[in-house]
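Engineer: Let the hints inform the model, and build the full structure from the sequences given.
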Amino acid sequence: MKAQLLTYFGEPKVAKQLKPYFAKEQFKLQLRGLHGSSIVIAASAAIRESNKPHLFIFTEKEEASYFVNEMESLLNNEILFYPASYRRAYQFEETDNANILLRAEVLNKLNNKRNPIIITYSEALSEKVINRKELKKQTITLKQSEKNNIEELEKLLFKYNFELEDFVTEPGQFSIRGGIIDVFSYADEHPYRIEFLNNEITSIRTFNINSQLSIDIKNKINIVPNTEAKKVVGKFVSFLEYLPKNSVIWTKNINYSKGVLDNYFIKAKEHYKNLNNTLSTFQDLEELFTSGKKFCCELINYTVIEISNESYYKSNKTFICKTKPLPTFNKKFNLLTTDLIQNQKDNLKNIILCSNEEQEKRFHSIFEQYKDEIFYKCIPFTLHQGFIDYDNKYAIYTDHQLFERYHRFIPKTKFSDK
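Counting in the working numbering, the sequence shown runs from 65 upward without gaps.
Because the hints were derived from the structure by calculation, they are not lab data.
Keep in mind that the hints are not guaranteed to be accurate.
List of simulated lysine to any residue pairs, SDA-like, C-alpha gap at most 25 Å [said to hold, decoys possible]:
| no. | residue 1 | residue 2 |
| --- | --- | --- |
| 1 | 316 | 372 |
| 2 | 476 | 439 |
| 3 | 413 | 378 |
| 4 | 116 | 71 |
| 5 | 316 | 84 |
| 6 | 299 | 227 |
| 7 | 77 | 467 |
| 8 | 177 | 158 |
Structural biologist: Structure (C-alpha cells):
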C-alpha cells in the first residue's frame, strides 16, 4: 500500500521542479497555493529518492503529527519525529521520557552521518541539546565478542546518569544480574540485554520489558544517555547545528516559529527567576534555549522551502501551485454530486479515499442513481485533508471529511511496553 497514491497520480509537477534545487546550498524557495494534503504528496514525491537530510518545521505539534502519519503512509523511508521534551507547554521541570527518547534517536542518527527525514514543530526547537562532540563522547558503543568489563560498564552508566534498578522499565535505567546487564538507551525503542563471559560480550539482544522475551539479535549497539541539556555537562547547541549544511529545511511559517521561540525564552527566564535559580540570567538562558532571532540567523545557512503564501526570506525562486481546499458539503450528497460532475467538466479525476471497504460500498450506494453521470475511483487510503489539484488534474476527497467525522492522528512514539 505504501507509495500507492504517489504511483497512481504520478509525480506532481512541483515535485519535479523542486528536485534540481536540492543540490544548491543556502537557496530560498517558496511554495504558494498548496492546500490540504497536497503539501505532503508534493513533498513526499520530491524527497523519496533524495540523498540529503530533510527537516520539516510545522507551527504546532498536532499539525506535525498529522504530517508524520501521512508521510509514513506514503513513503518507505523511515520518518523521524522530533518533539519537545516537556509534557506540557512551559512546564520546564516536567519532561516526558518518551519524547526524550524520540529526540535522542534523531540526534543519534544525525551524529552517525545519516540522511533522515525529520518532522518537528516550533516548540521543540526552543530547547538546546548536547553538542555533537559531547554526544559522541557520552555514547557507549558495544560490540558482540569484544573484550569488556561489567564493572567498567556499570561505572560509565552511572557517570552518564543511568539509574540502577531491579528491572528496567523505561529509558535511562539499567539492571545487573550475574553476568547479564539490561540497559534501556535513550535512542532505542526496546532495552538491550548484554551477556558477559570472562570479560567478553557473548550476546546482545533487544527484549520486551513485559514478557522478557528476546526480540532481535544485535552485533553492535550505541547506548545514548539523556540528551536533555539540563541533564548533561558540556556546551549546548541549537538543533539546527546538528544538521549538515546540505540539508533542506521545509517550513510552514517562519514568523510564527520565531514568535514561539521568543515566547519560550521569556517564559523560561520568568520560570528560573521565580526559582531564584542561577539560570535566571540572560547569558545562562542562552545556553539552554534558542531565541527566535538566533533561529532565523541559523536558518539562513540552509536551503529553505517556505510552504506559505507569505515568505520570510527573499525567494530565489517561487513556485505557484493551483490547488484549493475542498468545499464543505454538510453531508448533502447532492452538493457533492454537483462538485464531482464539475470536476469532470474540468478534466479532473475524482478520487475518494476510504478508510475501509465498508465506506467504499457506502459511496457506491450513494452514487448508484448517478452511475452514468459520475466517474470516480475509491482508494483504500487515508489522508488528513482532501483538496482539488488543477495542476495535476485530480480532486481528492476523504471519507472522514465527507461524513464529518473527526480524523485523529496516531501519536509517534518509540517507547512502548508492548
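Engineer: None of the hints should be skipped; say for each whether it holds.
Structural biologist: Status of the hints after comparison with the structure:
A hinted pair counts as satisfied when its Cα atoms are at most 25 Å apart, and residue 316 with residue 372 qualifies at roughly 6 Å. Annotation: proposed proximity of residue 476 to residue 439 is violated, straight-line Cα distance about 37 Å (limit 25 Å). With a C-alpha separation of about 36 Å, the suggested pairing of residue 413 with residue 378 is violated against the 25 Å cut-off. With a CA separation close to 22 Å, the supplied pair residue 116 and residue 71 stays within the 25 Å bound.
A threshold of 25 Å between alpha carbons decides the hint, and for residue 316 with residue 84 the separation of about 21 Å falls inside it, so the pair holds. For the suggested pair residue 299 and residue 227, the alpha carbons sit about 23 Å apart, so the restraint of at most 25 Å is met. About 31 Å separates the Cα atoms of residue 77 and residue 467, which puts this hinted pair outside 25 Å; it is violated. Among the hinted pairs, residue 177 with residue 158 is inconsistent with the structure: their alpha-carbon atoms are about 31 Å apart, more than 25 Å.
Hints 2, 3, 7 and 8, counting from the list given before, are not met by this structure.
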